[in-house]
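Asks: Chains as they are written, first to last, in our numbering: chain A, 1 to 584; chain B, 1001 to 1382.
It is possible that some hints are incorrect.
Claimed, not checked - Derived DSS-like pairs (lysine-lysine); straight-line CA-CA distance at most 27 Å:
{"no.": "1", "chain 1": "A", "residue 1": "K458", "chain 2": "A", "residue 2": "K536"}
{"no.": "2", "chain 1": "B", "residue 1": "K1266", "chain 2": "A", "residue 2": "K301"}
{"no.": "3", "chain 1": "B", "residue 1": "K1066", "chain 2": "B", "residue 2": "K1136"}
{"no.": "4", "chain 1": "B", "residue 1": "K1211", "chain 2": "B", "residue 2": "K1136"}
{"no.": "5", "chain 1": "A", "residue 1": "K44", "chain 2": "B", "residue 2": "K1136"}
{"no.": "6", "chain 1": "B", "residue 1": "K1136", "chain 2": "A", "residue 2": "K43"}
{"no.": "7", "chain 1": "A", "residue 1": "K520", "chain 2": "A", "residue 2": "K376"}
{"no.": "8", "chain 1": "B", "residue 1": "K1339", "chain 2": "B", "residue 2": "K1289"}
I should point out that these hints are in silico values taken from the structure, not numbers from a laboratory.
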Amino acid sequence: MSVDTSKVATSNRTDAATASKPSPAGSLASWADDRLGLATAMKKNLRKVFPDHWSFMLGEIALWSFVVLLLTGVFLTLWFDPSMGEVTYEGSYDQLRGIDMSSAMASALHISFDVRGGLLMRQMHHWAAMIFIASMMVHLLRVAFTGAYRKPRELNWVIGCILLLLGTLEGFTGYSLPDDLLSGTGIRAADGFLKATPVAGTYMSFLLFGGEFPGESIIPRLYIVHVLLIPGILLALIAAHMLLLVYHKHTQWPGPGRTEQNVVGYPMLPVYAAKAGGFFFMVFGVIALMGGLMSINPVWKFGPYDPTKVTAGSQPDWYMGWPDGLLRIMPSHMETVIFGYTISWNVLIPILLVPPLMLVILMLLPFVEGWITGDKRDHHLLQRPRNAPTRTAVMVALMTFYGLAWAAGGNDIIAIKLHASINQITYFMRGAIFLGPLLAFWITRRWCISLQRSDNEKLLHGYETGIITRSASGQYAERHLPINPTSAYTLTARDRDEIYAVEGDTDASGVAAPNSRSEKVRARLSSWMYQHNVQKPTRAELEEGHHHAEHEAELQSGLDHPADGHQFDDHRLRDTDEVPLRDH
Amino acid sequence: MSNDSHEHPVNAPDGTPAAGSGATAGSSSTTPATYDSHVPSHRESEPIADPGLPPHTWRPTDVDPKAEKRAERQIAGLFVAAMISAVLFVVAYFSLSVGDSWDTFAGMGASTVALGVTLGLSLLFIGIGIIHLARKLMADHEIIEMRHPAASPQEDRDATIQALNDGLDEAGIGRRPLVRNTMIGAVGILGLPAVVLLRDLAPGDKLDIGKLAHTIWEPGMRLVRDVVGTPILASEIEVGDLINAAPEALFPTEENGYPELHGAEKQVQKAKGAIIIVRMDPDDITAGKGREKWTADGIICYSKICTHVGCPISLYERTTHHVLCPCHQSTFDLADSAKVVFGPAARPLPQLPIEVDGEGYLVAQSDFTEPIGASYWEREKQ
Chain A
1 MSVDTSKVAT SNRTDAATAS KPSPAGSLAS WADDRLGLAT AMKKNLRKVF
51 PDHWSFMLGE IALWSFVVLL LTGVFLTLWF DPSMGEVTYE GSYDQLRGID
101 MSSAMASALH ISFDVRGGLL MRQMHHWAAM IFIASMMVHL LRVAFTGAYR
151 KPRELNWVIG CILLLLGTLE GFTGYSLPDD LLSGTGIRAA DGFLKATPVA
201 GTYMSFLLFG GEFPGESIIP RLYIVHVLLI PGILLALIAA HMLLLVYHKH
251 TQWPGPGRTE QNVVGYPMLP VYAAKAGGFF FMVFGVIALM GGLMSINPVW
301 KFGPYDPTKV TAGSQPDWYM GWPDGLLRIM PSHMETVIFG YTISWNVLIP
351 ILLVPPLMLV ILMLLPFVEG WITGDKRDHH LLQRPRNAPT RTAVMVALMT
401 FYGLAWAAGG NDIIAIKLHA SINQITYFMR GAIFLGPLLA FWITRRWCIS
451 LQRSDNEKLL HGYETGIITR SASGQYAERH LPINPTSAYT LTARDRDEIY
501 AVEGDTDASG VAAPNSRSEK VRARLSSWMY QHNVQKPTRA ELEEGHHHAE
551 HEAELQSGLD HPADGHQFDD HRLRDTDEVP LRDH
Chain B
1001 MSNDSHEHPV NAPDGTPAAG SGATAGSSST TPATYDSHVP SHRESEPIAD
1051 PGLPPHTWRP TDVDPKAEKR AERQIAGLFV AAMISAVLFV VAYFSLSVGD
1101 SWDTFAGMGA STVALGVTLG LSLLFIGIGI IHLARKLMAD HEIIEMRHPA
1151 ASPQEDRDAT IQALNDGLDE AGIGRRPLVR NTMIGAVGIL GLPAVVLLRD
1201 LAPGDKLDIG KLAHTIWEPG MRLVRDVVGT PILASEIEVG DLINAAPEAL
1251 FPTEENGYPE LHGAEKQVQK AKGAIIIVRM DPDDITAGKG REKWTADGII
1301 CYSKICTHVG CPISLYERTT HHVLCPCHQS TFDLADSAKV VFGPAARPLP
1351 QLPIEVDGEG YLVAQSDFTE PIGASYWERE KQ
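Build the full structure now, drawing on both the sequences and the hints.
Replies: Right, here's the structure in full:
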């Protein structure tokens, strides 16, 4: 007896219900997992969520320009000869033919003039270095201004600061290699800095240079530091930076549905991988265009290094400019001799003390802030700079210090361009370097607080519609309308600041509590940090504000309901529920 | 802890809301229990409730097959353009020459410009193509993933600390301070070999810092012009002139009999021996103490190396007798023993005592009487 199976099938598929063949990608993954066991780690990470915002791209620029640096750098090493042995240049560049120079300089000229694509690669390498350091700095500012460095990301912030330091050193060792007049001048200044180091400085200089300046060892030594030592550490720290980013998951901006507990965005595979991968090609492409079209570090114009020569307007690469500026604005005669030993404060302070101190201050920022606020929670939602007025003001003060020092590093250029006296620019900078940051701090903090007030205005009284109504008595007033609920929620999605208060200096039996002095300092700092901030309105205040606004509108219109100003035409105002995309 | 990803509800392409969209999409309902003190409890007194993720909106390429096809063609077009650019790169590489007779384009090296532009465009087309693909054609559903506290779960932490303590306990190092201290000492002292190994970075007497106090100048050595090496007649210098000069020993000839110098040795002596010679009205000169006889008829000679960090100074203003270092703008008054009148330098430029020899040429009376160039720790001791 046959069974009527046609009644059994519940699927509407037309083909047989056999197991389908695995996809090629799937079978490759299985092959790999049999040997590497990566599936457990990958099951979460392949579709890892990355939130989207333009400012999250700044660190990516740094990452990709580093990759470009590795690629172009390897190309350059194939021809560059890091030797200070004396040769007579016989290459293609007419003006220098027959002149004695080091092999390093001669091979840099060879790359520039006789290797096809060599000059392109040299210029790409230099431009990529500038973009690398600039994007690290801007990325650092983004992280600081949005409070992304708060717990649990403090250590990643410290790693980032070290990366910036190493990137700067890598840049210095790199532009010192061609042994042209400008790079030699930089190395001689560096020798002066070393010699200004108390106690061991002179010996450090002799050991680094293999004897007296300039010797014949410095370029091969800087070369190995530039191509192996620092890049190795950079690679390791970049890997650690990225691993921590993956572990912590990226921060995100607050908004509807975006909370401290979740991360909302696109999955790594495919969207984020495609965007980041595509962006690598774009960064690479832009650097290639710059390398092809914009001349940088034309060593053939400077000529080989000659310790008796220098060009006016000698400048280090821009990221070394701010210590150079501090050096320039030091007053004269800052040197003391104690027990017959010379201490050169004029070099010690601007080069050996202040820049390391600035780096330490930068690294400590999240820890100091965490200690003052006493906030031990994890933070994954970013803050708008205005909502942390003191932090924002501190960063702007640091930026102002940096900017003034940097400008001082170009005092000769400024003097020439503006036909000003270099002495007066320098005198001005000596004062501005102290006053500027204070002024910047004060202005920024007040500015942030005003912006906070303006946010609260928007929440309580709505946005300005630009519609002017005239009341029966002839009074004019602008109509305000409530902002849409999404914007309103986003504006209120922030923490209230809590000023830290000391519980009491003594315990029940009248004994002074441990740490009471540091606790008092902390309470004072907390109050200094927060007391002027404007807090978001409470629910009651919001309701009161809306009620008041409606009442005002009624009064103004002379009607028993709010007037929108379009009683007499057909352009009725749509409220924000009807026009959900309206963004105010 | 929960790492579940789940796509948030989306509306159907025609706009009808899918079940469960709206406020429930927010995470308030999906907060895992593991969340305690690690994240702000930020929900209680919120003045405005979280409206939840807005519903997904469809792109034209999701709902309009024509737009989809157009995007496909655009992306493919970008990739084809990248290929063309790459081929042009190869063409430019072989057709444009560098070296002796290089091709130029608008005053720039044609090869570099063409290679840079074709490579750059090729890369940019690929990048824009991939990003266009991601934005237009790849699914653009936002996904919600729950976070986890950075800290490990408490039981893991306890177990680790237990294991750490067990390990340290079994090692017993803490109970045996003698072993512990000698071990730390033994490992620490390895720093010595590590430092000592660096001694031969400047082998033998190359580490003799006493050399900083001396230059190649010696009594009777002629002052010569720094490029051509010709000796300088006192009579040919006009008032107001500044001459960059060098020791004659750096330009050895059979006639003067100085030994040949090469490479590093020559650079070292050049770096220390460079001088500037100026002539001014003898009445303008305020001779330093004991330096009354160091000049010759208004001709005065100083080290060219700045006492700040060692740049060669160069910018001379004849009316004020000031010379300025282009690196950090230290300014020295050459009429007054090169004292610092402005800028970060601390000390005057060392003065070279000179006189006129029997043939009328300028010669040094001696070496510099103090170390030239940047300051260093032992400077006053030498």
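Asks: Next, verify each hint and record whether it holds.
Replies: Comparing the hints with the structure gives:
Among the hinted pairs, K458/A with K536/A is consistent with the structure: their alpha-carbon atoms are about 11 Å apart, no more than 27 Å. Our distance criterion of 27 Å between C-alpha atoms is met by K1266/B and K301/A, whose separation comes to about 23 Å. Distance hint between K1066/B and K1136/B is fulfilled; the C-alpha atoms sit about 13 Å from each other, no more than 27 Å. Our distance criterion of 27 Å between C-alpha atoms is broken by K1211/B and K1136/B, whose separation comes to about 71 Å.
Taken as a hint, the K44/A and K1136/B pair is honoured in the structure, with Cα atoms around 25 Å apart against an allowance of 27 Å. Between K1136/B and K43/A the CA atoms are separated by roughly 26 Å; this keeps the pair inside 27 Å, and the hint holds. Proximity of K520/A to K376/A is assessed by CA-CA distance (about 19 Å); at most 27 Å being required, the pair is judged to hold. This hinted pair checks out: K1339/B and K1289/B have alpha carbons roughly 13 Å apart, not beyond 27 Å.
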